[in-house]
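Q: Going down the list, the protein sequences come from chains A and B.
Just so you know, the first sequence maps onto residues 1 to 119 in my numbering.
Just so you know, the second sequence maps onto residues 120 to 326 in my numbering.
Think of the hints as simulated: they come from the structure by calculation, not from any bench.
We put the beta carbon where it would ideally sit given N, CA and C, even for glycine.
The reader is advised that the hints may include incorrect statements.
[To be verified] With a cut-off of at most 16 Å between alpha-carbon atoms, the simulated EDC-like pairs for lysine to aspartate or glutamate come out as follows:
#1 Lys55/A to Glu8/A
#2 Lys4/A to Glu36/A
#3 Lys71/A to Glu101/A
#4 Lys121/B to Asp88/A
#5 Lys250/B to Glu65/A
#6 Lys121/B to Asp87/A
#7 Lys4/A to Glu101/A
#8 Lys55/A to Glu42/A
#9 Lys74/A to Asp209/B
#10 Lys74/A to Glu210/B
[Said to hold, decoys possible] Per label pair, the in silico range of CB-to-CB distance:
#11 Lys177/B to Pro90/A: 18 to 24 Å
#12 Glu16/A to Leu307/B: 33 to 39 Å
#13 Ala5/A to Arg275/B: 29 to 35 Å
#14 Arg134/B to Arg107/A: 34 to 40 Å
#15 Arg231/B to Arg107/A: 39 to 45 Å
#16 Ile25/A to Lys121/B: 38 to 44 Å
#17 Gln183/B to Gly35/A: 46 to 52 Å
#18 Phe60/A to Phe167/B: 29 to 35 Å
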Amino acid sequence: MKRKALGELGERWAREYLERKGYLIRETNFRCREGEIDIVAEHNGCLVFVEVRTKTGSDFGTPEESVTAAKQEKLVSVAMSYLQTHDDLPSEWRIDVVAIEVSPRGRVTRTELIQNAVN
Amino acid sequence: MKLPTFDQEATLQARGYRLIAGVDEVGRGALAGPVMAAAVILPLGADFPWLRSVRDSKQLSPRQRERVFDLVQRAGIPFGLGSVPHATIDEVGIVRATRMAMAQAVEALPSRPDFLLIDALSLPEVNLPQKGIIRGDQLSVSIACASIMAKVSRDRQMTELDSVYPGYGLARHKGYGTRQHLQCLGQLGPCAIHRRSFAPVLGLSPA
């Protein structure tokens, strides 16, 4: 599967998965000068920025392992930018990671939600 | 606009915390100079009349901020300052630099707090119970007070730096990307304290 198609599949899957878990999706693919964040949601009165990591089994390492320190730094930067440019926000926020593994044929084989994955 | 309250602090007091520090940063978005932070421990049940005029530094005039700064000092309220220079910001990124400045400010307090109320961020590297609050500077008096201490300190420093690096108007805009600042940047090129990693500075040849 192509990288972009894989990413889109993952994000769609993650969105449905999070909604089932009671997350209220505010927006998807928020972009700013600092970068991009896949999903912005609210969960139990907390603002949640969600990074979706999708990998096929053939790749090295787990999806969540691919969130490097530099990527974490970037995610916080984008979150800060979102906080500055939006009103009507809850008073707390966090960053979650949804890790998705997909078989070479495009079937989701594993989904894991890591809450507060990035400090 | 709602005024900051002691609600957060009162909740923490009820849970047994006694030395609650408000922490805030200033200069994160500026194109030049350091990012700075302040930590302030307001005494429990502090009842100075002037505390009622404390609000997020962006909502006060420079004179009002100077006044609060002096009153905090005169009342002997413990506070600490942190400062991380442009070079470190370029090296480690602005979020990490901001956290370093905040951690420094906490370290600089005369006594170790037992809880941190922080504007927006958390400080994973500081081993203290803490809470990051979105718009914390508008909600908590302690954070608002820290925002004023940080702002006044940085404004003073930028005014001094203006005489070391004249021509950019640093005393006026304090390094933020105003139209005048961008114009000077275009004409003169960046000086020694510009943040090279920031978009408007990136790719300009130095003065």
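Q: Evaluate each hint against the coordinates.
A: Checked hints:
1. Restraint check: the Cα-Cα separation between lysine 55/A and glutamate 8/A comes to about 12 Å, which is no more than 16 Å; the hinted pair holds.
2. Restraint check for lysine 4/A and glutamate 36/A: satisfied, since their Cα atoms lie roughly 15 Å apart, inside the 16 Å limit.
3. Between the alpha carbons of lysine 71/A and glutamate 101/A the distance comes to roughly 19 Å, so the proposed pair goes past 16 Å and is violated.
4. Note on lysine 121/B and aspartate 88/A: the hinted pairing holds, with a Cα-Cα distance of about 13 Å set against a maximum of 16 Å.
5. A C-alpha spacing of about 26 Å is found between lysine 250/B and glutamate 65/A, which places the hinted pair above 16 Å, so the restraint is violated.
6. Between lysine 121/B and aspartate 87/A the alpha-carbon distance is near 14 Å, which keeps this suggested pair within the 16 Å criterion.
7. For a cut-off of 16 Å, the pair hint linking lysine 4/A to glutamate 101/A stands: about 15 Å separates their Cα positions.
8. Our distance criterion of 16 Å between C-alpha atoms is broken by lysine 55/A and glutamate 42/A, whose separation comes to about 25 Å.
9. Our distance criterion of 16 Å between C-alpha atoms is met by lysine 74/A and aspartate 209/B, whose separation comes to about 14 Å.
10. Only pairs whose Cα atoms come within 16 Å are accepted, and lysine 74/A paired with glutamate 210/B is accepted, the gap being roughly 14 Å.
11. At roughly 21 Å, the beta carbons of lysine 177/B and proline 90/A sit within the given window of 18 to 24 Å.
12. A C-beta distance of roughly 54 Å is found between glutamate 16/A and leucine 307/B, which places it outside the suggested range of 33 to 39 Å.
13. The hinted window of 29 to 35 Å between alanine 5/A and arginine 275/B is violated, with their beta carbons roughly 55 Å apart.
14. Between arginine 134/B and arginine 107/A the CB atoms are about 48 Å apart, so this pair departs from the stated range of 34 to 40 Å.
15. One distance hint, 39 to 45 Å for the beta-carbon pair arginine 231/B and arginine 107/A, is violated here, with the actual separation near 53 Å.
16. Checked against the hint of 38 to 44 Å, the pair isoleucine 25/A and lysine 121/B fails, with Cβ atoms roughly 28 Å apart.
17. The given range of 46 to 52 Å is broken by glutamine 183/B and glycine 35/A, whose C-beta atoms sit roughly 36 Å from each other.
18. A beta carbon spacing of about 59 Å between phenylalanine 60/A and phenylalanine 167/B contradicts the range 29 to 35 Å that was offered as a hint.
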